[in-house]
Amino acid sequence: MSEIILMSDARVAAVPVEENGEPLVDVRDHLLVDDRKHEDSHGAEVHLRQGVLDRLLAAQALLPGGLRLLFVEGYRPPALQRQYFEQYAGELRAAHPDWSADRIRTAASRYVSPPEIAPHSAGAAVDLTLVDADGRELDLGTAMNANPEESEGACYTGAGNITEEAKANRAVLGEALGAAGLVNYPTEWWHWSYGDRYWALETGAAAALYGPKELGSL
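In terms of this note's numbering, the sequence shown opens at residue 1 and continues consecutively.
Hints in this document: simulated from the structure, not taken from any laboratory.
All values reported here derive from a predicted model rather than from experimental measurement.
Errors might be hidden in some of the hints.
Restraint ranges, calculated between C-beta atoms of paired labels, are given here [said to hold, decoys possible]:
(1) A205 with D29: 27 to 37 Å
(2) R11 with Q50: 25 to 35 Å
(3) A101 with E150: 17 to 27 Å
(4) H42 with T203: 26 to 36 Å
(5) D9 with H96: 38 to 48 Å
(6) D98 with E150: 20 to 30 Å
(7) R11 with G65: 19 to 29 Å
Glycine included, every Cβ here is placed at the ideal spot set by N, Cα and C.
All chains, please: the whole structure from these sequences, using the hints.
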């Protein structure tokens, strides 16, 4: 298995951002949208940068007949990102009181990005899964947003402790999204992004296209 670079890695933060000012757009007219994150985000979650949406539509066109993307969460306001990160870091701190602050930050970043570089807060990342022609979710091995502890690491995209069916479904999802230019965060099979710092590092781009923003400023 190749090296997994976490969001907390200094190499991610070191990537410059050359903000291109692309707007955040509502995806609901274009993709099948699930509302499970609406209570937290109050509608912000159905937005993405235009370039990311364009690539999701290209990926969807590459899926085998009958399959569709199920969009769950895109843009995440910085304050909500901070809340998620601090909550998970607090859970880890309680479970591992002997861990240093750096170790807590690194471990937390397997599941929630540090707020200052979060792809979701740039409108560059999407959490999604696959559904069949009847709208039923396919087996991808874990529930979406299952953390490493509760899933025993099965949330990692390349995890071995899932069924062959789930592995095959992850491969279908990954092939389509990868072909459309998105990159996966390898600790979360459902998280894909384009144009953010992590994408830039993974693809060798000179700079990120999108930086964290408040919804009203775009």
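So, going through the hints one by one against the coordinates:
| no. | hint | verdict |
| --- | --- | --- |
| 1 | A205 with D29: 27 to 37 Å | holds, 29 Å |
| 2 | R11 with Q50: 25 to 35 Å | holds, 27 Å |
| 3 | A101 with E150: 17 to 27 Å | holds, 23 Å |
| 4 | H42 with T203: 26 to 36 Å | holds, 32 Å |
| 5 | D9 with H96: 38 to 48 Å | violated, 20 Å |
| 6 | D98 with E150: 20 to 30 Å | holds, 21 Å |
| 7 | R11 with G65: 19 to 29 Å | violated, 40 Å |
Hint compliance for this structure: hints 5, 7 are broken, all remaining hints hold.
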